[in-house]
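Given the coordinates of chain U, assemble chain E onto it according to the supplied hints.
First to last, the sequence lines map onto chains U and E.
At position 48 of the first sequence the residue is numbered 48 (this note's numbering), and the sequence of numbers has no breaks.
At position 239 of the second sequence the residue is numbered 239 (this note's numbering), and the sequence of numbers has no breaks.
Keep in mind the hints are simulated off the structure, nothing from the lab.
Be careful, since some hints might not be right.
Said to hold, decoys possible - Derived Cβ-Cβ restraints for the label pairs, each shown as a range:
1. U:Asp-171 - E:Ala-367: 33 to 41 Å
2. E:Lys-104 - U:Asp-63: 57 to 65 Å
3. U:Gln-335 - E:Glu-356: 40 to 48 Å
4. U:Glu-147 - E:Ser-278: 31 to 39 Å
5. U:Glu-320 - E:Lys-104: 34 to 42 Å
6. U:Asn-250 - E:Gly-414: 45 to 53 Å
In this text, a Cβ means the ideal position worked out from N, Cα and C, and glycines have one as well.
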Amino acid sequence: MADATQTKTGAAMPALLGGLRVVELASDRAAYAGKLMGDLGADVIVVEAPGGHASRGYGPFVDDKADPDRCLWWWNYNTSKRSVVLDLATEAGRADFRRLAGSADIVLEGEDPGVLDALGIDHTQIRADLPGLVWVSVTPNGRRCPELHEPTTDLTILAAGGLVWNCGYDDHSLPPVRPSGGHAQHTASAFAVMGALTAVVHRDVSGIGQHVDVSMLAATNVTTEVSSVDFLYRRATNQRQTGRHASEHNTMGIQTMTGDGGYASNPLGLTTAGNYQAVLDWLRELGLEDQFPEAFFLQMGIDRGGVSLKVLGQDVEATEIYRAGREALYLIASQLTTPEFFVQAQQRGIACGAVYAPDEALADAHFRFRGYPVEVEHPELGRSFTYPGLPFAGEAIPQAIRRAPLVGEHTEEVLAELE
Amino acid sequence: MNTAQGVMEAAQAADVPQPRSGSNALSHIRICDLTGLLAGAGATRFLAAFGAQVIRVEQPAHEKHRWDFLRGGFSPDGQRSGINFGGNFNNHNVEKLSITLDLKSAEGKELLAKLVAVSDVVTENFSAHVMERLGYGYDWLRSVNERIIYVSNSGFGKSGPYSDFKSVGQVVQAVSGLSFVSGLPDQPPAGWGFAYMDHHGAYMMATAVLGAIIARNRTGQGQWIDFSCTEAGIGLAGPELLDSTVNGRPMRRPGKPNSNSDNFPPMVPHGVYPAAGSDNWVAIACRSDADWQRLAEAIGESWALDPVLGAFTERMARREEIDGRLGAWTSGLQREQVEALVRSAGVPVAQVARPEDRIEKDPRTRAWGLWPQVQHDEIGEVRVEGIPVHMSETDWSIARGAPCLGHDNDFVYGSLLGLSVDEIAGFKARKVI
Numbered sequence: 001m002a003d004a005t006q007t008k009t010g011a012a013m014p015a016l017l018g019g020l021r022v023v024e025l026a027s028d029r030a031a032y033a034g035k036l037m038g039d040l041g042a043d044v045i046v047v048e049a050p051g052g053h054a055s056r057g058y059g060p061f062v063d064d065k066a067d068p069d070r071c072l073w074w075w076n077y078n079t080s081k082r083s084v085v086l087d088l089a090t091e092a093g094r095a096d097f098r099r100l101a102g103s104a105d106i107v108l109e110g111e112d113p114g115v116l117d118a119l120g121i122d123h124t125q126i127r128a129d130l131p132g133l134v135w136v137s138v139t140p141n142g143r144r145c146p147e148l149h150e151p152t153t154d155l156t157i158l159a160a161g162g163l164v165w166n167c168g169y170d171d172h173s174l175p176p177v178r179p180s181g182g183h184a185q186h187t188a189s190a191f192a193v194m195g196a197l198t199a200v201v202h203r204d205v206s207g208i209g210q211h212v213d214v215s216m217l218a219a220t221n222v223t224t225e226v227s228s229v230d231f232l233y234r235r236a237t238n239q240r241q242t243g244r245h246a247s248e249h250n251t252m253g254i255q256t257m258t259g260d261g262g263y264a265s266n267p268l269g270l271t272t273a274g275n276y277q278a279v280l281d282w283l284r285e286l287g288l289e290d291q292f293p294e295a296f297f298l299q300m301g302i303d304r305g306g307v308s309l310k311v312l313g314q315d316v317e318a319t320e321i322y323r324a325g326r327e328a329l330y331l332i333a334s335q336l337t338t339p340e341f342f343v344q345a346q347q348r349g350i351a352c353g354a355v356y357a358p359d360e361a362l363a364d365a366h367f368r369f370r371g372y373p374v375e376v377e378h379p380e381l382g383r384s385f386t387y388p389g390l391p392f393a394g395e396a397i398p399q400a401i402r403r404a405p406l407v408g409e410h411t412e413e414v415l416a417e418l419e
Numbered sequence: 001m002n003t004a005q006g007v008m009e010a011a012q013a014a015d016v017p018q019p020r021s022g023s024n025a026l027s028h029i030r031i032c033d034l035t036g037l038l039a040g041a042g043a044t045r046f047l048a049a050f051g052a053q054v055i056r057v058e059q060p061a062h063e064k065h066r067w068d069f070l071r072g073g074f075s076p077d078g079q080r081s082g083i084n085f086g087g088n089f090n091n092h093n094v095e096k097l098s099i100t101l102d103l104k105s106a107e108g109k110e111l112l113a114k115l116v117a118v119s120d121v122v123t124e125n126f127s128a129h130v131m132e133r134l135g136y137g138y139d140w141l142r143s144v145n146e147r148i149i150y151v152s153n154s155g156f157g158k159s160g161p162y163s164d165f166k167s168v169g170q171v172v173q174a175v176s177g178l179s180f181v182s183g184l185p186d187q188p189p190a191g192w193g194f195a196y197m198d199h200h201g202a203y204m205m206a207t208a209v210l211g212a213i214i215a216r217n218r219t220g221q222g223q224w225i226d227f228s229c230t231e232a233g234i235g236l237a238g239p240e241l242l243d244s245t246v247n248g249r250p251m252r253r254p255g256k257p258n259s260n261s262d263n264f265p266p267m268v269p270h271g272v273y274p275a276a277g278s279d280n281w282v283a284i285a286c287r288s289d290a291d292w293q294r295l296a297e298a299i300g301e302s303w304a305l306d307p308v309l310g311a312f313t314e315r316m317a318r319r320e321e322i323d324g325r326l327g328a329w330t331s332g333l334q335r336e337q338v339e340a341l342v343r344s345a346g347v348p349v350a351q352v353a354r355p356e357d358r359i360e361k362d363p364r365t366r367a368w369g370l371w372p373q374v375q376h377d378e379i380g381e382v383r384v385e386g387i388p389v390h391m392s393e394t395d396w397s398i399a400r401g402a403p404c405l406g407h408d409n410d411f412v413y414g415s416l417l418g419l420s421v422d423e424i425a426g427f428k429a430r431k432v433i
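So here's chain U without its partners, still in its complex pose (with noise of 0.2 Å):
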């Protein structure tokens, strides 16, 4: 597989994982590892019970058509992998499986505890006779915890793992608020690829394959930044804010309306004396500085050298001048579109994001410039789409990723490589 993956800059150099084999027990849990280790370049075996895996009927579908080959949740987690179908109820289907983890360099999946060692099909089970194996389990609560069992799902994980509390509105009696996604899977998926390659890394060296744990409880609770830091520190709650930093103590607002109803985020505010000078010209450019009356306290953040994010609430006139700062912004977004405002903004040196919607960003030009998002053929419709790439330059980084399989169509291919 790695001798044919073309590149960026269509180098020979083998693609990043070529060489590697993942066989994938196909699962919600895991899935996002998978394909983040395929489109880098490793041969992903997903296996999948007949019929196919259950994912295949999450939905969308193509053209709203359900079909296990039309579903764009299995294709968004299934890109560049190989499908094979075993029955794993089956005494056949599981010595294949045995077979296919034989030739594995990392075996990854997402099962609950119990249910492949009921099948003799377990790591322990089958890693006994291949020492050099890596086999990454992903679960809700760790395997090491069985008797912590229970039943799960993204949003569940989310708000027991405590990226829920720190998300949502100033306005408490609104919900805190969990973001759409599959940010579970997509965290504890990260740390499955990282626990794998770091077995890999260490079995390169010593010859010994391990087992790798994953808790997706784990893995939320240490992606909340601040949040675990502020209380492991100095016992400290942050309390949600309105698109902003969970804060112990309320903050000023960062997020404001554009022009034409969108939004734009500006985290750090004014900081710098030449902050306040861009503003103050870009407030005269557009001819607003008579509906800024308090445009003086710009001059006063240029004549003190700007404003340290350190002194805010402690230096009332530094406060007040980063506080109009911002308010000139704010009036300058009210004038301007959300992609006017974010790259003036930026153009003139200030840290500022434009709310996008997630195929907005995908359609913006920087990230068409740079060759993101990549054109995938679909032969079966005899049509091709736009995918999410990957976010990696270099001549080892795949420059184009293969569509999901479809059920089972790479099953004779596989089970003949290995006769």
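Relative to the frame of chain U, chain E by itself:
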């Protein structure tokens, strides 16, 4: 797979001096770490916990704004402050070493070259063009060490019209679309109450480092991987992004996002519901008709037991009404009671955990050993985050807090790079280190 290479690496491993963490997984890897904040330091944190020797290179100058923004702060009791007291810095830099080095001086460049020459990996998350401006681009790194692995991490990548744009986690989250997909209908974007993409950027950066080490084990060649954090964020949008590119259905449309309710696969009920008391919430998700059946019996009220609601399509059509009635039921109970009742019905449920709930009270994080205690030279004993990955043979180890500024100058410049005591003193006197 490449045994000869493995033997060579193992031989090198024997020469690597301590200190490093107690794990042997990556104990043969040395990282010259120019990263900072969470987006960069979070990547090398994971590698350090698994035994890599991570040497953070920091500015010696006593100038404002030159150190990692998180480095300074107050002690946990608020009584002491200084450049070694940042709580987040301590968390993000456990098991690392710190040296000081003025990257802008000619002598500093010579010292950096010595360090790069004995390193496997160079990592950085400066703004996109800083390394080139400092004279430390990939061509220079490779001229110093032909096999070097270089991983760079910036908000928008090193090419393209936005490559000079300023970026922090909240900018990345906004521009990638992640802030947009967190919200309730008819409300502004709720966004993320923390720098989610600093974490994910760090995870992808660590992935790039590990992948490049594996590639080098096979080919003998180093490489440069440039990572764009915003692109990683777009890639986390989930299947709805393909619904847009494939089915032409824009993600910005009336009623969207509705991120507590909407899900793939769709579920009803699915949401965050109020419990008794102040700002108490419980998340409930019914995966199937069978889940709903059991939940309805646990609720035991006539509306819930209406057999019509047994069908998913009917529940979806009456989603708002069901959410209202379910919320009325949960709000009459303590959150622990809701959790216990729904869990005993076999339906996924969780309290919206506060930090104290998940750090102090959750048996699952305790059983995992998720909050290890470290020893920091000035802060003392303090708890930090563990790693959500346990390995059966070479598990992570986190015992040492973040290094004080320049803590390892003598070890790195002396033991590792072979400078004499007098030479080190001279560099210090000239403020190179």
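Do Gln-335 (chain U) and Glu-356 (chain E) keep their Cβ atoms within the hinted range of 40 to 48 Å? For Gln-335 (chain U) and Glu-356 (chain E) the Cβ distance comes to about 45 Å; the hint holds.
Indicate whether the distance between the beta carbons of Glu-147 (chain U) and Ser-278 (chain E) respects the range 31 to 39 Å. holds, 33 Å
Is 45 to 53 Å a correct range for the gap between the Cβ atoms of Asn-250 (chain U) and Gly-414 (chain E)? holds, 49 Å
Hint check for Asp-63 (chain U) and Lys-104 (chain E) - Cβ pair distance inside 57 to 65 Å: 58 Å Cβ-Cβ, so the 57 to 65 Å window holds.
Range agreement (Cβ of Ala-367 (chain E) with Cβ of Asp-171 (chain U), hint 33 to 41 Å): holds, 36 Å
Does the beta carbon distance between Glu-320 (chain U) and Lys-104 (chain E) stay inside 34 to 42 Å, or does it fall outside? holds, 35 Å
Hint check: no violations occur; every hint is consistent with the structure.
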